[in-house]
Amino acid sequence: MAVMTYREALNSALREEMRRDPRVFVIGEEVGLYDGAYKVTQGLLKEFGPKRVVDTPICESGFTGVGIGAAMVGLRPVVEMMTFNFSLVAIDQIVNTAAKLHYMSGGQFSVPLVIRGPGGPAAQLAAQHSQSVETYFYHVPGLKVVRPTTPMDAKGLLKSAIRDDNPVIFIESETLYNVKGEVPDDPEFLIPLGQAIVRREGTDVTVVAYMGMMYRALEAAEELAKDGISVELVDPRTLRPMDTETIIASVRKTHRAVVVEAGAGFAGMGSEIAAFITEQAFDDLDAPVERVTGANAPMPYAKNLEKLKTPTKEKILAAIRRVCNANGS
Amino acid sequence: MAKTMTPQKASLGALDPGLARKLLTDMLLIRRFEEKAAEAYALGKVGGFLHLYIGEEAVAVGATSVLRPDDYVISAYREHGHCLAKGSDPKRVMAELFGRRDGLSHGKGGSMHLFDKSVNFLGGHAIVGAHLPVAAGVAFAIKYEERDQVIVCYFGDGAVAQGEFHESLNLAALWKLPVIYLCENNRYAMGTSTERALAQTQIWKFGQTYGIPSEKVDGMDVLAVRDVVARAVERARRDKTPSLIEADTYRFRGHSMRDPAGAVYRTKEEVEHEKERDPIVLFRERALAAGALAEADVRAIEKDVNDRMDEAVAFADASPEPPADWLFTDIYKEG
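So the protein sequences, as listed, match chains A and B.
All residue numbers for the first sequence refer to numbering that gives the first Met the number 0, where the first residue is 0 and numbers rise by one.
All residue numbers for the second sequence refer to numbering that gives the first Met the number 0, where the first residue is 0 and numbers rise by one.
In isolation and in its complexed conformation, chain A is listed as follows (with noise of 0.2 Å):
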């Protein structure tokens, strides 16, 4: 083990995989000659030069076209978005193009394709660049959705994702590149897509959460300990394909879900897990799910709206204390 930051452990997976596979490639805006906007593919230009990293430029529809046909006929490219908010400038090509191709040809082509860089919400960054797009691209058929917590799970999952033969989206966020963690120095160490993990165990609550969120779920479950309730954290990892089975075994054990997310409310993750949550499971709930959500506003510039925008851990405690029937107790 290596104690590193997410953002090392991203670039450590990219040179690990870049090393192994000489089909794998860079593509993106400032990601050679920069060393990258937030500096996740620092060194690579020099270690592998242009052909392998390769600076574009503003033309999100353009590059992502370039890496979805390379990866029609035979390479594997890593396309970075310099945030994901500029995904959406290509969002045609990565849900009409790189979701269906496998599909609309009957199997014949298939596009092994990671779309990678920062996203959700971030520090008074405003409504263009702070927002949980991953919604976008979770409800979408032939996509797989990765957001990593730590950075054992940033490395283990973008390795598993750049082997994947399945176009994968890949959210980091600009609040978890400096987050200091343990990291397996094995270059086979793997996490599956499609596999989440219970975080901390308990067994009076189940809290669903990614990202920043599982964070403050964390802070939140210490809090609660002190009062002797106990909190089981459970963090998807991969939001399509979800590992349900995994959150459903939590649940009928503790009776109870909070679900948060950053994102707004509407039609959101909390709405889909509360769900399948109620379908499967609905004879074992104490409680009604509960969903602690981004408000479903645009993120404003202003530190005291931002923070009334975004789930804060009072928030969190308030809705864990609600289904436990705790409130003033």
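Source of the hints: derived by calculation from the structure; they are not laboratory data.
Keep in mind it's a predicted model, so treat the numbers as computed, not measured.
Some hints here could point you the wrong way.
Facing chain A, a subset of chain B residues (Cβ under 10 Å, in silico) [what the hints assert, rightly or not]:
| # | residue |
| --- | --- |
| 1 | His-105 |
| 2 | Leu-113 |
| 3 | Gly-123 |
| 4 | Ile-126 |
| 5 | Ala-135 |
| 6 | Ile-141 |
| 7 | Glu-144 |
| 8 | Glu-166 |
| 9 | Leu-170 |
| 10 | Ser-318 |
| 11 | Pro-322 |
| 12 | Ala-323 |
| 13 | Trp-325 |
| 14 | Lys-332 |
| 15 | Glu-333 |
Note that the Cβ used here is the ideal one computed from N, Cα and C, for glycine as well.
Given the coordinates of chain A, assemble chain B onto it according to the supplied hints.
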């Protein structure tokens, strides 16, 4: 760089009988295929949108005739002709239109999403302009792996106003990618004429902006298309130079089967006038005049093509519907 203002005409010279036979056969095959498809649509055997290539056959046949079998072709949704010219089995193309299990894409793609990996035909893309960057990506991979193939990317005049046309030309020129962008200018994006859509209606000139060889060609003259595309292919194969070619062509039928013959966006007189440029009639007359083909040859070719199209329809009709469990296959590649 060619600075042609008027469409290129074919160079004169002896016409090889073998070549004449091939070009006429391939164009006729597409024409008859499309006529059969239209009949099947009227009978309710083909559903959805059906965009016929009738009138434009010389472009696909001329261009493909100078490609190697391992070269790639990618197209939009009026692609039956491109797919057939590349060598796909008409039986399986027809079965795809019928939505049957023996179709190229097992009935999951339909008329707009033909794919055939066995002949390097890469689709079949129905969002206007979206396959142009994909073509650049295929060319990127060819260069990355130091292969000497090329890719021909067909698209219509409607794609020229899309951002992806310009992004793709920029990237192909910037990175020197072996892609030939071949615009089939049939003058109408659905019902919108190029005059109503483009500030620059001389589409080939956009290539000059990006500094790549650009030419305009008479798209009704199969030999002229051959010449122009052959030059572009040679440039792409030799030193990875991309090209933009504008083929001046015309569709004799509506935008799709839902576009009535009496459409308001063009006159009957215009359509009838353009039919005088029918690429198949023009080439047949030329081949006969040059002595490359005899009347008997033409009749034999017509009979052969008609028989093969009857077979294609019978094959498609006999092919079963895809089984129910195929709804969920090919969503993800396993393994």
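Hint check:
{"no.": "1", "hint": "His-105", "verdict": "4 Å, holds"}
{"no.": "2", "hint": "Leu-113", "verdict": "9 Å, holds"}
{"no.": "3", "hint": "Gly-123", "verdict": "7 Å, holds"}
{"no.": "4", "hint": "Ile-126", "verdict": "5 Å, holds"}
{"no.": "5", "hint": "Ala-135", "verdict": "5 Å, holds"}
{"no.": "6", "hint": "Ile-141", "verdict": "8 Å, holds"}
{"no.": "7", "hint": "Glu-144", "verdict": "8 Å, holds"}
{"no.": "8", "hint": "Glu-166", "verdict": "3 Å, holds"}
{"no.": "9", "hint": "Leu-170", "verdict": "6 Å, holds"}
{"no.": "10", "hint": "Ser-318", "verdict": "13 Å, violated"}
{"no.": "11", "hint": "Pro-322", "verdict": "13 Å, violated"}
{"no.": "12", "hint": "Ala-323", "verdict": "16 Å, violated"}
{"no.": "13", "hint": "Trp-325", "verdict": "9 Å, holds"}
{"no.": "14", "hint": "Lys-332", "verdict": "4 Å, holds"}
{"no.": "15", "hint": "Glu-333", "verdict": "8 Å, holds"}
Checked against the numbered hints given earlier, the structure breaks hints 10, 11, 12 and satisfies all the rest.
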